[in-house]
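Protein chains in written order, with full-length UniProt numbering: chain A, 1 to 250; chain B, 1 to 243.
Calculated directly from the structure, the hints in this document are not laboratory data.
Don't be surprised by glycine CBs; every beta carbon is placed ideally from N, CA and C.
Accuracy of the hints is not assured; some may be wrong.
[What the hints assert, rightly or not] Just so you have them, the derived chain A footprint on chain B, three or more residues with Cβ under 8 Å:
#1 62-76
#2 79-91
[Claimed, not checked] Here are the simulated lysine-lysine pairs, DSS-like style, with alpha carbons at most 27 Å apart:
#3 A:Lys128 <-> A:Lys157
#4 A:Lys241 <-> A:Lys231
#5 A:Lys55 <-> A:Lys157
#6 A:Lys171 <-> A:Lys5
#7 A:Lys132 <-> B:Lys21
#8 A:Lys247 <-> A:Lys171
#9 A:Lys247 <-> A:Lys5
#10 B:Lys75 <-> A:Lys45
#11 A:Lys55 <-> A:Lys18
#12 A:Lys55 <-> B:Lys21
#13 A:Lys5 <-> A:Lys18
#14 B:Lys21 <-> A:Lys157
#15 A:Lys132 <-> B:Lys7
#16 A:Lys18 <-> A:Lys241
#17 A:Lys114 <-> B:Lys7
#18 A:Lys157 <-> A:Lys25
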Amino acid sequence: MIEIKDIYKTFGDNDVLKGISATFKTGKNNLIIGGSGSGKTTLLKCIVGLHEPTKGDVFFEEENFTDMDFTQRVPIRTQIGMLFQNSALFDSMSVEENIMFPLNLFTNQSHAEKLDRANFCLERVNLKDKNKLYPAELSGGMKKRVGIARALSMQPKYLFVDEPNSGLDPKTSIVIDDLINDLTAEYNMTTIIVTHDMNSVMGIGDHIIFLHQGQKWWEGSNKEIAHTDNKELNEFVFASKFMQAAKEKL
Amino acid sequence: MFYSLGKYMLLLRLSFKRPEKFSVYWAEVMREMVSVGIGSLGIISIISLFIGAATTIQVAFQLSSPLVPLSTAGKIARDSTILEFSPTISALVLAGRVGSSIASQIGTMRVTEQIDALEIMGVNAPGYLIAPKIIACVTMVPMLVIVSIVLGMTGGWIACLFGGEVTPADYIMGLRDGFMPLTIQVALVKACAFGFIIASICAYQGFYTSGGALEVGQSATRGVVFSCVMILFADLVITRLML
């Protein structure tokens, strides 16, 4: 479980986050949604420690992550897997080396054991036999799946995903969503996904937080989202005619 | 300026923190040494041969008095090559070749979130990315400078062989005449300092890149320009202190 308490983040004169509190439960897909510039990615970066909150605390299983220095954070960070918007694979390494990288640094496993783990992770994301390829040789969807495989390599307790569907076709988006959903349940991870993809929201949104103007505007599940009377949320989720028609059928 | 200097010092401190796993960092140091050393050997060899030849011809041209022995050309070319041309010109060329590569590589990693990915994993990104490059440059630039000195003198000898202003025998005599080992020490101290300047300044520029492809290019340019200025400044300081 991850808990955030009263998170504020300011860049210069720009208040991006204005006192956000929430609890992200284990074994659930926790989605952070909102329009462009609403502070979704900034909130995610504050949670994982890429940005330091101006005010507020982040707790990983009751351990205050915000108060820790870099060295103290390492044991928690080795339990974190993250899929970045552009996958952030290391260009100079092959797929296999990318997945083995955290294992090389933080475990004392033999090369054969690390190779086994890399193959297992690749098989889990349906990318068997792609071990020797380099990121430049992969499609967008394959890069995302390698990113997930790398995130899984250390058997994380927490999975963070930033815009998993950006730049992907609808079919591949669903494949990625389903994969994240299955892995969250299979490994009982606390998964936090930042997205503005409505298919993801309706498909895998166990717990959804809607950000608007740097504040938590609404909180609920994908089952509740269709029946909310929150004006800003309705404008965001049901902006397209297709979604409006879908809402009327619900 | 003081803000940037402080950030630079803090980045250097972070770069030399204890590594998570020595073997992984060692492999990275070896990879960087090959990239800096072997990768730059070609360009350093070519410029050294030509500069050595040109220096010898120019010195011979200036020593037109019959009262000055012809071997003096070799002596002057030797000291100029060891003290100035090989360390400084090599370092300026390496700032362009190695420095721009370091700044653009790290800058690209920054804008494509690869550095964020390292930090999320719990890796000390400056230590993993910058320290091996600094170690590689501090060790390989002196070796390249030694190669440059040898090839510079060889270039001078070839110029004598085909030019005729000074005979190869006079040139060799000049090279041997009054040789002071201190000049080699000065050249190596300069090379170490220049290697450190190239790697650390360009890595700093790359590490704090923000934006996209345009900013990566700007970081690489800034890295090379600042490195060149600092190389010339360090050249003056070391020369003043050691000679």
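Here's how the hints hold up against the structure:
1. 62-76: violated (count 0)
2. 79-91: Violated, because only 0 residues of the region 79-91 of chain B bring their Cβ atoms closer than 8 Å to Cβ atoms of chain A.
3. A:Lys128 <-> A:Lys157: Given that 27 Å is the threshold and the Cα spacing comes to 24 Å, the pair holds.
4. A:Lys241 <-> A:Lys231: OK: A:Lys241 and A:Lys231 at ~16 Å, within 27 Å.
5. A:Lys55 <-> A:Lys157: holds (25 Å)
6. A:Lys171 <-> A:Lys5: Given that 27 Å is the threshold and the Cα spacing comes to 37 Å, the pair is violated.
7. A:Lys132 <-> B:Lys21: holds (24 Å)
8. A:Lys247 <-> A:Lys171: Status holds; Cα separation ~22 Å.
9. A:Lys247 <-> A:Lys5: Since the Cα atoms of A:Lys247 and A:Lys5 sit roughly 33 Å apart, the hinted pair is violated (cutoff 27 Å).
10. B:Lys75 <-> A:Lys45: violated (62 Å)
11. A:Lys55 <-> A:Lys18: holds (9 Å)
12. A:Lys55 <-> B:Lys21: violated (34 Å)
13. A:Lys5 <-> A:Lys18: holds (11 Å)
14. B:Lys21 <-> A:Lys157: holds (23 Å)
15. A:Lys132 <-> B:Lys7: Between A:Lys132 and B:Lys7 the Cα gap is close to 38 Å, so the pair fails against 27 Å, i.e. violated.
16. A:Lys18 <-> A:Lys241: violated (32 Å)
17. A:Lys114 <-> B:Lys7: violated (37 Å)
18. A:Lys157 <-> A:Lys25: Between A:Lys157 and A:Lys25 the Cα gap is close to 11 Å, so the pair holds against 27 Å.
Hints 1, 2, 6, 9, 10, 12, 15, 16 and 17, counting from the list given before, are not met by this structure.
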